[in-house]
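**Student:** Work out the full structure, taking the sequences as your base and the hints as a guide.
The letter at position 36 of the sequence shown is residue 36 when you use this note's numbering, and the numbering goes up by one with no holes.
Take these hints with a grain of salt, some might be off.
[Said to hold, decoys possible] What follows is a set of in silico ranges between Cβ atoms, one per label pair, in the way DEER data are often shown:
# : residue 1 : residue 2 : range
1 : P20       : S123      : 20 to 30 Å
2 : L21       : A92       : 14 to 24 Å
3 : P125      : A188      : 15 to 25 Å
4 : D178      : T8        : 17 to 27 Å
5 : A105      : A153      : 21 to 31 Å
6 : A105      : A15       : 21 to 31 Å
Treat the hints as calculated values from the structure; they're not laboratory data. Just so you know, even glycine gets a beta-carbon here, dropped at the ideal spot from N, CA and C.
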Amino acid sequence: ALLEAGWTPEVFCPADEPGPLDDDGILVHRVPRGVPPPGMPLAEGVERILDRSILAAGLRKATNRRELLASTRMKERRRFFERQSEARDLGAAVEERQKEAPFQAAISTEAGLAGLFVPARRSRPHIVRATSAPEAWRVADEDPSPHRRRMVADEQKVITQAQAVYASTPVVADAVHDELGVDVTVLAPPMPVEPDTGRRRSGLPRRY
Numbered sequence: 001a002l003l004e005a006g007w008t009p010e011v012f013c014p015a016d017e018p019g020p021l022d023d024d025g026i027l028v029h030r031v032p033r034g035v036p037p038p039g040m041p042l043a044e045g046v047e048r049i050l051d052r053s054i055l056a057a058g059l060r061k062a063t064n065r066r067e068l069l070a071s072t073r074m075k076e077r078r079r080f081f082e083r084q085s086e087a088r089d090l091g092a093a094v095e096e097r098q099k100e101a102p103f104q105a106a107i108s109t110e111a112g113l114a115g116l117f118v119p120a121r122r123s124r125p126h127i128v129r130a131t132s133a134p135e136a137w138r139v140a141d142e143d144p145s146p147h148r149r150r151m152v153a154d155e156q157k158v159i160t161q162a163q164a165v166y167a168s169t170p171v172v173a174d175a176v177h178d179e180l181g182v183d184v185t186v187l188a189p190p191m192p193v194e195p196d197t198g199r200r201r202s203g204l205p206r207r208y
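**Tutor:** Listed below in structure tokens is the structure:
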């Protein structure tokens, strides 16, 4: 839509194969996917040994708490550091391209921390599409892990530092405003409206 309106949009995204790509006239900058810190594999090896000790002692079965397992914490921690690494590379790629072809606006999202390292400039406002209220989603997801909380804090940072925030539905806009006190514009994407959604599905989880 931007291309047809006469703009020159460019897209930055993580990919398994980095490098530029032309997608029907739109330049796509593919950056490497995020990687964990160099020392993490060694730390994870030690935690796997601890895991075996916990399982051998029957502690997890006795308490029925999966968070006792180091491998659970390991997965959450790895995902957090990978997302931060990815966001850092995305931000660096945007800034590098900015020097060559200055943008009039940068549009990102808090999801996956995509816009965490995209600074706002006076000549290039940073606009963020809010996909959820991060803390409310964490609570609904029933995830009390420390690294999920760190992820939430960074997602909230993306939203609060933006010069403008929008959401695709009033539900998300209101939830983000309630959680962070940020004014959120509703900008619904064009899509068909079905007058009849059919029978309500049975057997859905309680929170739905």
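**Student:** Of the numbered hints stated previously, which ones are contradicted by the structure, given in increasing order?
**Tutor:** When the structure is compared with the hints, only number 4 turns out to be violated.
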